[in-house]
Structures are given as structure tokens and as C-alpha cells.
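Letter by letter, the chains look like this.
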Amino acid sequence: MTTNATALSAVIYKVSELAPDVREFTLIPGNDELFPLYSAGSHVVLSLPIGGRIHRNAYSLLGDPARRDHWRIAVRRQQSSRGGSAWLHDEARAGMYIDLSPPVNLFSLVRTARHHVLVAGGIGITPILSQARELARLGASFEVHYAFRGPANAVFLHDLKAIAPDRVHPHDSDRDGQLEFGPLLARQALGTHLYICGPQGMVDACMQAGARLGWPSKHLHSEQFIAPAGGEPFEVELKRSGKRFTVPRDLSLLETLELNQVDTPSLCRGGACGQCELEVLDATGALVHHDVYLSAEERASGRKIMPCVSRLDGGCLVLNH
Amino acid sequence: MLTTRMKSQPQYPPLEWDRKGRQHIVFVSAEDPALARHLFEDPPEGDLTVIHLSEDAEANASGWQVSLPPGSKRRVTRRLDSALQKLHESLDQASMGARLYLVGNEDIIWQASKVADRFGMGADAVRRHRLGTLARPVYCVHCRTTTRGVRTNVADCSGCGRALFVRDHFSRHLGAYMGFQIDAEKPGELPTIEEVYR
Chain R
1 MTTNATALSA VIYKVSELAP DVREFTLIPG NDELFPLYSA GSHVVLSLPI
51 GGRIHRNAYS LLGDPARRDH WRIAVRRQQS SRGGSAWLHD EARAGMYIDL
101 SPPVNLFSLV RTARHHVLVA GGIGITPILS QARELARLGA SFEVHYAFRG
151 PANAVFLHDL KAIAPDRVHP HDSDRDGQLE FGPLLARQAL GTHLYICGPQ
201 GMVDACMQAG ARLGWPSKHL HSEQFIAPAG GEPFEVELKR SGKRFTVPRD
251 LSLLETLELN QVDTPSLCRG GACGQCELEV LDATGALVHH DVYLSAEERA
301 SGRKIMPCVS RLDGGCLVLN H
Chain S
322 MLTTRMKSQP QYPPLEWDRK GRQHIVFVSA EDPALARHLF EDPPEGDLTV
372 IHLSEDAEAN ASGWQVSLPP GSKRRVTRRL DSALQKLHES LDQASMGARL
422 YLVGNEDIIW QASKVADRFG MGADAVRRHR LGTLARPVYC VHCRTTTRGV
472 RTNVADCSGC GRALFVRDHF SRHLGAYMGF QIDAEKPGEL PTIEEVYR
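Going down the list, the sequences are from chains R and S.
The first sequence begins at 1 in this note's numbering and counts up one residue at a time.
The second sequence begins at 322 in this note's numbering and counts up one residue at a time.
Calculated from the structure, these hints are not laboratory results.
Cross-link-like lysine to aspartate or glutamate pairs, in silico, EDC-like; alpha carbons within 20 angstroms at most:
#1 Lys435/S <-> Asp413/S
#2 Lys328/S <-> Asp489/S
#3 Lys304/R <-> Asp263/R
#4 Lys218/R <-> Asp438/S
#5 Lys407/S <-> Glu376/S
#6 Lys394/S <-> Glu352/S
#7 Lys161/R <-> Glu24/R
#8 Lys218/R <-> Asp445/S
#9 Lys341/S <-> Glu362/S
#10 Lys394/S <-> Glu379/S
#11 Lys341/S <-> Asp204/R
#12 Lys218/R <-> Asp339/S
Partner residues aside, some chain R positions facing chain S, computed with beta carbon under 10 angstroms:
#13 Val110
#14 Leu185
#15 Ala189
#16 His193
#17 Leu194
#18 Leu213
Even glycine gets a Cβ: it sits at the ideal position worked out from N, Cα and C.
Model the full assembly from the supplied sequences, consistent with the hints where possible.
Here's what the structure looks like:
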């Protein structure tokens, strides 16, 4: 929620360069208390001060969920970054204070599963690491498939092998091509649950293979945080308060609402959780949906929008808000 | 005595194939030649196995045999424990993408469901169709014994002997209807006992 978004304070304790475009941050509590406990697969939302305003990005906690004295996140520099990952790469230093939300889990393990298949692509390894640690601790049956582009990008392979020595299947996509989901999903025993975090194309390929092989959708879990993409400026009108703003090219609808002190509950800010959903009353332009939350039917209805990542392609958007 | 339908009481929609599945296991313990014909004349893609519990020595005249599509497997047994064991073996060999169809009386359907539960099969991988007797398995809420094949509104518990009123409240976990002592306050004072579950 908005009110919780900066409920915790942390200090950047250590910054490690894992690869040219990947940095790991170790965070410690900003006061004398311990961090709260979190469950494997959780993420936090960091509040970053960029250009005179607060920029919020979600990052998965990759460390040991049982540790409360420090948390670990890893950040890949996004090519299309509007500032969040670039700031963490260029400006963030050990000793800096950072505000963050309490952990939220949209990617939790199903404890009743008979076997767990964890699949990571690139920086998508971060939530998978905490899940693997938890499954190893529980003594559960699991396997991990870690796809990366060249050995230099296999940044957490060593950690992963330490957690689960015989259950890690590295996959160098530069050398071996795309991970093939057909053979992987076809041979899994009943009661298996699969968890995937990675680039959109990889997640789509996995979900399509699962559907083709008859996997019930409840056994296929994925997490993707979408970075808000800019777009055409558009007008937004709020029916309840009568307020009206312009959403500029480089801000999201949610950010614009927040800048104008319109309280809008949000959690992941990456189109995944559904918390910020708003009701569309009218739109004189095309809705551009970037989230992974709304169903195809909900999108087609034109009645809902996730303001954290989605926008209008010019024109005016009227919200019941 | 109970007029509104209990939410917990299972409903059994007409049985059709789940064509999203890639392997199909049918566990049947009652006869319905028309249903067998309907299902088998347009079988789904993928492996089809029928586990057939039949007390009838003439099981080969059953609709589950005569309509069986070519290439599918049928395993016949006369005993419930052996049928459940065959189901266990089939699920042990099955992969994600398999679908299970349970056809028979409620008692057997839900005993078989417990086997599917152990293999982590969710609600979207199992379909159930009630066929045959409406006799109920009844769970005594006092001594926790399940009395099987109850046809009457009130029945003696096979565990503690209490006269149990048979409710419509069904437990999927226990695979039985709840039964509670009807004459606890006035011993011996029982309603008219009628055969209501044939």
C-alpha cells in the first residue's frame, strides 16, 4: 500500500560488481531493529531519490529468508531504464540510506507440491535463489534450471551450486540456444509445480509448452516485473474528485497520480500484483496494457487499467477514482 | 428435515473428456453402457487407461469393455483394494498433463480421490461422475468411524452403535457424510426410519 511503501529504512552495507551490468547490494537495517521475516520468492520496493522525485522499483530478495540482519538484492542495468537501475549502478554507494517497503510475496512456493522445478533466465535468478534455499532447507524434491548468456553472466551459479549441489542445471544460451521447455515439462511427475522468472519471451515459451502438454495452469507460476515504458502524453480525469492532470511522456499514470497527492494503493509497481487496478469509465484513445495481471477478457472489456505500467495512447482517460 | 442444499455436498456434472489432458486414466466401478459408448466413441488424444472394478464375472460384456477404443488399456479387478492399488500404480507412472476420471458411487469415488490427492492432483486434473447406488458413507462425529452403504436417514454407527442422523454435510477430506447422534437428549426417541438413499 502507499502508506507502507517506505515503512522500512535500510543502509547499503556493501556493493558488489557481479558482471558489467549486474550489481549486488547488501542492505542492513537502518535502525537497531532486525528486518522482518520474509517467505521465499518475496520482493521489496525500493524508493530511490532521482531528479527531485521518488522513483520506486521492485527487487526480489535473493538471500536466505531466515536472515534478519541483512537482505540481498541484485540489480541489472536496464537498457531502457528511466533512472531506477541506472541510479543504483551509477549513484548508489555503501553507507547510503534507502527507504523500502516491507516484503511482499507474489511468487510463493506451493508447500504441497511433490516436486518443484525452478527456472531462471538471466537476472530472473534472484527470487529463484531464495526459493532454492528454502526448498533445500525443507528437504523438498526440486531441480533448478538456470539460463544465462555466456559464463560471464552466470553470476549466481556458484551460490546456486552451493545451495543445491546436484540439482542445478546450468544452461548457456549463447552456446546451447534457447532452453527447450517441451522435453523439460513432458517428463515431470504428477504433483509437480514449476516456477519461472526471466525475460518475457522465455516465460511465454514456458507457459505455451505447459499448456500444450496439459499442465493445469495452477501448477505453472511466473513472476515478471515490467518496467513502466513511456509513451504519448495523455489527459486523465478523476470522476470522484473532479481532478484532471496530464500524464507526461516519461512518467507512469501511477507516478502522476502520486505526484498530485492522489492516494492510489500499490504494491509491486511492475504490473504483476493487481493492487493498483483502477476502473476505466471512458477513454478517447487506445488503452496500452503492459501488465501481466489482467486476463485477455479484462483487457478486451476496456474497463480496467493497471496504472503502474499501462497508459493511454493519447487522448483522455476517465477513471472512477 | 433439511430443505436447503448443503454447499459441501458434491455435484457431479455430466462427464466429458478434458481434452487439454495428454494422458487419461478412467477409474470405473459402475455400469452405464450409454455413457461408455458416448465417451469411447470420441476418445481424447493421448494414452487412455481404464481401471475397471467389477464384481461381475461377465465383466467382458460390460460397456467399458465392448466400447473400448482400440489401442487403449483396460485393467479389470473384482476387489476395491486391488483397484485402488492399480490406480496408485498408474498415477505413479503418469506425468504432469494426465487427467483422472472417477466414475462410480460416492464412497468409491472419494476413496479413489484420496489416492489422487497423494499424487498432488488438483481439482483441475480430476473429474468425478456419480453412478450406481446413492447409499452413503457416514462418518460418526462421536467415534470417528465411517459406516459404509447407509441407505436410511438414521443408521446405527458401526463403531459405537449410536443412532446417527445422516446429514447432507459432506467432507471431501473424509469422503463421507457427517452423522450425529439423533437421540442424545431423549434416548430411544427416534424419527421414523426411512430408506432414502437407494
